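J.: Protein chains in written order, with my numbering: chain A, -17 to 537; chain B, 240 to 442.
A hint or two may mislead.
[Claimed, not checked] List time: in silico DSS-like cross-link candidates among lysine-lysine, alpha-carbon distance up to 25 Å:
#	chain 1	residue 1	chain 2	residue 2
1	A	Lys269	A	Lys242
2	A	Lys414	A	Lys242
3	B	Lys400	A	Lys55
4	A	Lys242	A	Lys288
5	A	Lys242	A	Lys55
6	B	Lys400	A	Lys384
[Claimed, not checked] Computed beta-carbon distance windows for the label pairs:
#	chain 1	residue 1	chain 2	residue 2	range
7	A	Arg241	B	Val290	36 to 44 Å
8	B	Gly313	A	Arg241	30 to 38 Å
9	B	Arg319	A	Lys414	40 to 48 Å
10	B	Ala336	A	Ala259	20 to 28 Å
11	A	Ser153	B	Pro382	56 to 64 Å
Worth flagging that the hints you see were computed from the coordinates, not collected in a lab.
The structure presented is a predicted model; accordingly, all values stated were derived computationally and were not measured.
Where a beta carbon is used, it is the ideal one built from N, C-alpha and C, also for glycine.
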Amino acid sequence: MRQRVDATGPRYAHDEAVDFVVIGSGPAGGSVARELTRKGFGVVLLEQGRAIPATEMEHDEFGAFIAERWTNKSDTQPQTFRASVRDAARRRQFVGYAMAVGGTSFHYTANYWRFRPIDFHEFSVKGGVPGAALADWPISYEELEPYYTAVEWAIGVSGDVSGAADEPARSRPYPLPPLNITGPGVLLAHGCQRLGWSSIPAPMAILSRDYQGRSACHNCGFCLAFPCEWGAKSGTNHTMVPEALRSGRCELRSESYVRKIETDAAGRVTGVIYFDADRREIFQRAKAVVLSANGAESPRLLLMSKSNRFPDGLANSSGMVGKHFMFNGAALVRAEFPHEVNGHRGPVVTRISNQFYDLDPALGFIGGSGIDVRFDVPAILTTLSLPRDEPQWGEAFKRRLKTWFTHSALGYAHTTSLPVASNSVSLDPVMKDAWGLPVIRTTFREHEHDLRLYRHMQGHVRTLLDAAGATALHPQPISDDPGFTVHLLGTCRMGNDPRTSVVDRFHRAHDVPNLFIVDGSSFVTSGRGQPTLTIQALAFRAADHIAQFAQRGEI
Amino acid sequence: MALSRRDFLSQLPLTGVGAVWLAAAVSCAKDAEQATEPPALPHDAGAPARVLKVLTPEQFQVVEAITARIIPSGDSPGAREAGVVWFIDWALSDVAADQRPVFDAGLATLAADVAAAHPGAASFAALTDAQQDALLRARESTPFFETMRFSTIAGMFALPKYGGNAEYIGWALVGQEHVWEHRPPFGWYDRPENQQALLGRVL
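For reference, chain A alone in the conformation it holds in the complex (with noise of 0.2 Å):
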């Protein structure tokens, strides 16, 4: 018998319908979880994950990064990748996720950057783009703005744009003041001010004081990919998922395995049917269901669960469903510096530059971008990452070491990625997962706007590197092969038009009227590199619509 994370909480039988089933407990069903309970309803929260205690949060490099400790399994769950439909898909991890109550805030670094107007109608603006599906949202920037704030005052996100002049139209400041800042933030914001660009304390779901009950960051600087021992960082498992569980009206289920959403004869979900952590099936009936499950997991669970009726995936009569994956695309740049940096120290990133979020489509290409410096990783992969024209070994590459990890910091432009309908998350037809269930195949090229507007970026980030006095640069090749991801976008996209998207503004399927998806699937374009706030806040905002629905009787 597994320990129960909830020993307190409701028990609902699996063959009454719940009000709701969520699927995943990350950023957005964790969300969701939290806003209807409170609300009233009764929910089961679904998690493929295990519910993962402080005490086993260790800064274990070799576990978060190389041993899948956290992450989603390549031997139970392994993945398949081609570039293009014309190629072979041959076997490897293309998608990234983090295993655990929480999802992937479980162990995310936690910017926790808005999106601004012009991500909401890039595409009215600066029109289209060969190859590409760009598209504007259903929604606006200030339509989500009250729910941004929402969830900015929920959970305690630290940030000031007091004295930042081109900050969109916000109705609150950030609850909290700025983190600390670290040495790659003092050297971003001196090359911004030499020349000239604008630069803010980055707003980071960290806590920089207390904050209800939790303790502020102890700047330990073990964030990326890793989970915080001190639950300062502001992921689900420390704030939406307890909250839900002490309304008394959810269920959280972890290591609970979804393989279909059932559906009946009239076009209406039933319910969904799930491996428990024994292995056993189980069919839990619900009145309405919100899939949460990723980017990647969303759709694949869609196309999982055909049936007569929807034979070509759930919710897929406009065959958008896994299409449009898009990521973030990031240029990066290596510097090392005369002084100790120790970057290590303190929260991953702690200023940002707006500079270039809005490019000028004259260069070439359509989007954006904005600017970090941070010291992202710890020993192995930092000493991994020395310049291979540089000794690999023996005493000249020891006495490397210890400057290349106390003197040296990474810019980072994150950048937008266009959506492109080739570009997506389907089922493998001949590779399946230890349950027997086809494994997802990525189908990814970058487009050769983006490519550009990486090459554009990298040579602002070299400037800004420059101007803050690095002593040598080291910019990372730009190619056509992201390599591996973690932002999962795009692929369940929203629309107003049933033909070209999955889920209407409200984020109901088009084609079934209690089914909702919510994450990072429902994005239409995918924002300048940091999408989780965005997804916790249309999250908050599905809840709102979903449950006033729900009141009408109009699901």
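Starting from the known structure of chain A, fit chain B onto it as the hints suggest.
T.: Below, chain B alone, put in the same frame as chain A:
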């Protein structure tokens, strides 16, 4: 910390923006002093028992000698003192079990090359540093060497519970600390006087 935070603060000139920052920082320091430990900090699992799982005693000596050429001992401890070979032995029994053929084949080839180049030598481990380096340089671009290099680096810096990085001496080599918190200033650039010099203000 050798130098307490308050001692450090008292050495700074109290002027202008810096004074405001210091007032805030001192109040933060007080908060930190009052803060209790979190309910449960992670288990700090110690090193496992040193019992060979996969490597033969002969292989153990050779692998240890190779790791000691990749991150040599000297002024500071190297892979040998960190016990990286124990990490590799564990990894080959667990997460890297699929690498065993590469290891076994690479070690066999190396043994043959040792015998050919240095007749009478007991093993790679018995050669001089220069002789060892020459043999390794000759196979720098092989999957065997790349695997050895990767696992030496991983074992140097992975948590001691995986077998290497004994008492965190790998972390000490690069300047990474086994602590649950840091307090500013973290490095040279964020020291208030250096922020003042670089930015004309303290952020």
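J.: Give me the numbers of the hints this structure contradicts, sorted from smallest to largest.
T.: 8
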